[in-house]
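2 protein chains.
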Amino acid sequence: MIRFYNGKVLSFEAGLKIEDKELWTDGRNISYIGPKPESLPEFEREIDLKGDLMLPGFKNAHTHTAMTFLRSYADDLPLQEWLYNKVFPEEAKLTPEAVYLFTKLGIMEYVSGGITASFDMYYKNDEYILANRECGFRTVICSALNNFDADIENIEREFLKFNAPGDDMVGYRLGIHAEYTTSMERMEYLSSLVHKYKVPAFTHISETKAETEECIGRYGLTPPQLLDKIGFFDYGGGGFHCTWFNDEDIELFAKKGLWAVANPASNLKLASGIAPLEKMRKAGVNLAIGTDGPASNNALDMFREMYLACVTQKHICEDAAAFNADFALEMACKNGADCLNLPQCDDLSVGKRADLTVINLRMPSMQPLHNISKNIVFAGSKENVRLTMINGKILYEDGQYFLGFEPEDLYREVNAYVKAEMKN
Amino acid sequence: MIRFYNGKVLSFEAGLKIEDKELWTDGRNISYIGPKPESLPEFEREIDLKGDLMLPGFKNAHTHTAMTFLRSYADDLPLQEWLYNKVFPEEAKLTPEAVYLFTKLGIMEYVSGGITASFDMYYKNDEYILANRECGFRTVICSALNNFDADIENIEREFLKFNAPGDDMVGYRLGIHAEYTTSMERMEYLSSLVHKYKVPAFTHISETKAETEECIGRYGLTPPQLLDKIGFFDYGGGGFHCTWFNDEDIELFAKKGLWAVANPASNLKLASGIAPLEKMRKAGVNLAIGTDGPASNNALDMFREMYLACVTQKHICEDAAAFNADFALEMACKNGADCLNLPQCDDLSVGKRADLTVINLRMPSMQPLHNISKNIVFAGSKENVRLTMINGKILYEDGQYFLGFEPEDLYREVNAYVKAEMKN
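Those protein sequences? They're chains F and S, same order as listed. So for the first sequence, the numbering used here puts the first residue at 1; every next one is plus one. So for the second sequence, the numbering used here puts the first residue at 1; every next one is plus one.
Rather than coming from a laboratory, the hints here were simulated on the basis of the structure. Even for Gly, the Cβ is constructed at its ideal location relative to N, Cα and C. A couple of the hints might just be wrong.
[Said to hold, decoys possible] To be clear about the criterion: a stretch of chain F counts as covered by chain S if any three or more of its residues have a C-beta under 8 Å from a C-beta of chain S, and this derived list gives those stretches: (1) 100 to 112; (2) 270 to 278; (3) 285 to 298; (4) 360 to 370; (5) 412 to 419.
Chain F with its partners taken away, still in its complex shape:
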């Protein structure tokens, strides 16, 4: 049992609320939230928060973690040159061992930035999962069926393997990479799995204008409408990016209860556009938020994403009141958990998993204490993360990592790979 005392708890149970309370964990779950009781049990450790804030950790609802190997490898280039001359050739050479290494690098960044779960889409999933399990990081894979997959039945095998009952550290949801990389035959195959297992499905969707227009050219329908037509969304799910959604796409997502996962940093940097999040919010679309991969972002930083979601919506709506910061915080902490099918991690309350982040409020950017949640969204950054706990285990605290390896050793290994294997 760990006791956090002398601090504040942020929860979403009845709207965003911050209260002076203790929080105890019992190994995996939150066992108590409330005032200091008259007598205390024995604790393994008691942590004096000194007024700092606990919140339900950030859920990164769309990422490609192992792409840390491409961080700052090729920036400030036209999109096609970046993708075809830089990203694809290096990805083609990527070994399973490299996915394992660079996933660990990404997990370091997650826990030092207060992120407690990820919704990841990449490949070489056995090595990806091994890295997550060794670190104690919670992750859900989204399959990425596309035209280059040699063995499409692997998706069904992985779906069964990574959804083992009783284990919620690893999950697996069905998905295609994107309409523009997947034939109709393969999209229909994925849709058949959706119906066989009665589960939701996800995909990159309407990320760029060109992709959206080309889909209309091919099928006479936007990507959301096309996928809906083939039954892809019959059991829920949603899409990543959603940059070029029109009003009918928004209505469809709202009506079917689908998730639109925003990736504002990636969309700006690759000049893909700004998704109409405020419009979606008003229409009642379920909204979560993610970093996308570090090749296009380049940081795995949910502070940045929350901030950008707010300010880009204020910009496109020409209204400083649009897209309230408190809503962005709810997207990042709570909605993301629901999108990942992790309702047991969506809030700080008794019986939920102890997946939490401690924000250090004793730093200049968090002062004065007019409004803590606005401070976090509009002035917060990774520097404010004091501690990250997942499934009751502390994985990061005060600059120290508890992931089972030495950071310096990992840096040495990733740079050795970069030097030996990549063209610079």
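We have chain F already, so just place chain S on it with the hints.
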């Protein structure tokens, strides 16, 4: 003498360059940059950089430091409601003692974020300067002449007082608050001072569409063209924001060698727009960058500003290659110094002031080391600041402040002010 060894030096002497070199200081200046010599002199302290990077500290080229008292006081509101119901009433009550306190809070944020100089526009300048002097922070004031000044001759007195020869820790440049807050008579008075002292002048300019259109309505000219007509820019200077510059404004600024100071975070959050920085860059306008005040930003974070400058330009140009990160870094470190009339602080080279920031590269967001400058702009944040030195003195190192006071004491005082004096 302090010796930094086992690290890298970023300089702009012949384009952005990063080299493995030592750097020594002699109390105020940089006394040596180069390889480790065969014999070493005695040092007061030797700092093992462990591979980390030194760069010329960030210059915040437009800010209102003491407005930390309004950070997160009133966000997500329509612009006019925010300004007239929240900001102005609280500013009217602000005491000199509060300016002193909240300036210190801002300075804490500057040094913990690698910022080594500021170009500040506010009021109660004696207390503002006292706080800067006590902390050892380098600052240049821009006067803010407007219609509410009771004693307009104070500007000339302050201009002489704060430009004392031989002291470059404090400076003072002439300016008006903005065209929309300053009568023609007063703008002409400021212009007369410009001609009397043959010095540059600055102002908030073309920040919002409404302000720009109203100026055209009043005078038949855009703000830059109006001020140019009355001789305001006859000895150089420039403007803050520049969001709504048209092609003629850009041409004027380029031709006269004026500074356009970008404030991308503030412009997005207040829904003011996105300045055409890439167009200005191509036209040869001098560009620097600043945070604006913490009431509108809400962070005093040059990482955020560099990042936003790049990605917002990629967005409006619809070109992922627009506005290279290396240029943003040069704006923040070097150009800002020239804008503030601090050429002695614009680079890391022998004889320049020892105003520098050490970036910790041994953190996940800075790995792998494909490209350090892109890592800083696209993935860097305040967490990466290991040390900040101004005028040869270390003011921040590894989370510790050396500003002459205890952070906890200041936090207590600023929150006491907020509780006693402000309406919440």
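Original post:
Can you list which hints this structure breaks, lowest number first?
Top reply: Of the numbered hints given earlier, the structure breaks none, since each of them holds.
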